[in-house]
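> Sequence:
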Amino acid sequence: MCLSAGDEARHAKDYQNAPPEIKDPIVKNPIRKEGMTEEEAEFNSLLDSLGPRFHEWWGTGVLPVNADLLPPTILGYKTPFRLLPTGMRSNLTNAEMTNLRKIGKTLPCHFSLGRNRNHQGLAAAILKLWEKSLIAKIAVKRGIQNTNNKLMSDEIKTLTGGVLLLRNKYYIVIYRGKDFLPSSVAATLAERQELTKEIQDVEEKVRIRDIEATQPVGEKVLAEAGTLAEFYEAQARWGKEITPDHREKMIEEASRIASARVVKRIQHKLDLSQSKFDRAEKLLSKIEASMIPNGPDYDQEVISEEERIMFRKVGLKMKSYLPLGIRGVFDGVIENMHLHWKHRELVKLISKQKSFAFVEDTARLLEYESGGVLVAIEKVPKGFALIYYRGKNYQRPVSLRPRNLLTKAKALKRSIAIQRHEALSQHISELEKTIEQMQNELTAKNPSYNESEWENDDDDDGEEEKDDESDWD
Numbered sequence: 001m002c003l004s005a006g007d008e009a010r011h012a013k014d015y016q017n018a019p020p021e022i023k024d025p026i027v028k029n030p031i032r033k034e035g036m037t038e039e040e041a042e043f044n045s046l047l048d049s050l051g052p053r054f055h056e057w058w059g060t061g062v063l064p065v066n067a068d069l070l071p072p073t074i075l076g077y078k079t080p081f082r083l084l085p086t087g088m089r090s091n092l093t094n095a096e097m098t099n100l101r102k103i104g105k106t107l108p109c110h111f112s113l114g115r116n117r118n119h120q121g122l123a124a125a126i127l128k129l130w131e132k133s134l135i136a137k138i139a140v141k142r143g144i145q146n147t148n149n150k151l152m153s154d155e156i157k158t159l160t161g162g163v164l165l166l167r168n169k170y171y172i173v174i175y176r177g178k179d180f181l182p183s184s185v186a187a188t189l190a191e192r193q194e195l196t197k198e199i200q201d202v203e204e205k206v207r208i209r210d211i212e213a214t215q216p217v218g219e220k221v222l223a224e225a226g227t228l229a230e231f232y233e234a235q236a237r238w239g240k241e242i243t244p245d246h247r248e249k250m251i252e253e254a255s256r257i258a259s260a261r262v263v264k265r266i267q268h269k270l271d272l273s274q275s276k277f278d279r280a281e282k283l284l285s286k287i288e289a290s291m292i293p294n295g296p297d298y299d300q301e302v303i304s305e306e307e308r309i310m311f312r313k314v315g316l317k318m319k320s321y322l323p324l325g326i327r328g329v330f331d332g333v334i335e336n337m338h339l340h341w342k343h344r345e346l347v348k349l350i351s352k353q354k355s356f357a358f359v360e361d362t363a364r365l366l367e368y369e370s371g372g373v374l375v376a377i378e379k380v381p382k383g384f385a386l387i388y389y390r391g392k393n394y395q396r397p398v399s400l401r402p403r404n405l406l407t408k409a410k411a412l413k414r415s416i417a418i419q420r421h422e423a424l425s426q427h428i429s430e431l432e433k434t435i436e437q438m439q440n441e442l443t444a445k446n447p448s449y450n451e452s453e454w455e456n457d458d459d460d461d462g463e464e465e466k467d468d469e470s471d472w473d
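Position 465, counted from 1, in the sequence shown is what full-length UniProt numbering calls 465; the numbers after and before it change by one each time, with no gaps.
These are calculated hints, taken from the structure and not from any lab test.
Careful: at least some of the hints might be erroneous.
Heads up, simulated DSBU-like pairs for lysine-lysine below, C-alpha to C-alpha not over 35 Å straight-line [said to hold, decoys possible]: (1) K286 x K169; (2) K102 x K132; (3) K410 x K269; (4) K342 x K392.
Assemble the whole structure, with the sequences as input and the hints as a guide.
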């Protein structure tokens, strides 16, 4: 067909003004059915029956169901009926939980979710999925603001009744539970339960009607068993009348027995504390046996008073110092002092001990072990500052760590053992005072009371009053 020049120009203009061609939506991860395995094809068909797909899926494999497109509410939705088999525990053991989490880690995602609430449509789809799969795996959509995986998992768990295996900002994995029933079986059992309940209601109505027919009209039969009247009648017939004097004696006896029981419990605690004290003392002596401190050096260098004042001022202005912690003096402290003396004449140590007498003993021990001269012991905001001068004739020893002192680990053990020894000693003295005070009170109330009475009272209570012993070694 031949066109004139005017027709060709008109057709070209119409082609330019034509609307753009509408193209199909772009799918980021298209999955071709012909390239799937048999398992993938079955999984894909299962997801097709659950709802529309999420085409903006960022992962690989089969596209999950877009849970946001499922209906938020379903008219007449109810939590599914569940029934646990006889002899089976509903809770998952640690091994079962671990195995299910491993299975859920390898599974592809079934759903992709972005909203926090209104998940009845998703719950119905999960129940349908659980008929063919033990686990439902939900991916939390990325890039959506205010997503809260805790709200999502809580509502889904409430609607489905499943067991939450995993919840984080990426995935929610829910197990269907041991008491899960398919929809057909659950409907049958629910119908059978309703029928059984109706039969029981009918039987109860018939029984009540027969009782009302046999009961005489106008007479009320009151049961005496278990009533207050029956108690008063039995008390009047067989009960023992208690006089005021006898009641006071009973109260005094009960008070004495209770006090003796308390004394016996404290005595048991005292015995336990004494055994712990002996073990702590034995451990402390064992650790201190490996520590052989040096004595005073009578050929020590002497400094003048002017030098002492000058060294004290310089030492207090020094910013670098060595801390003395709970370990006290050990070989590492002496090594650090010699390392400081390599570049400077003074070294400052700060001790956080509370008592000045302990600080003074520590200062003398450091002076004997290091070979330096103690310049001053000053109170500073951080504790007590100990300033040492290395001496004019200082020579660095071959071994910086003295062999006669404790190591860092043994010094820590010694410090803990000393604290334990002091605490147990104080605790034992307090228990002894308490026992003595209570025995004096019992003797004042009952002059004929002696210690052998409470030792023989309530022997059965000794089994109940046991304290847990901790391992001190």
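> Provide an ascending list of the numbers of those earlier hints which the structure does not satisfy.
Number 1 only.
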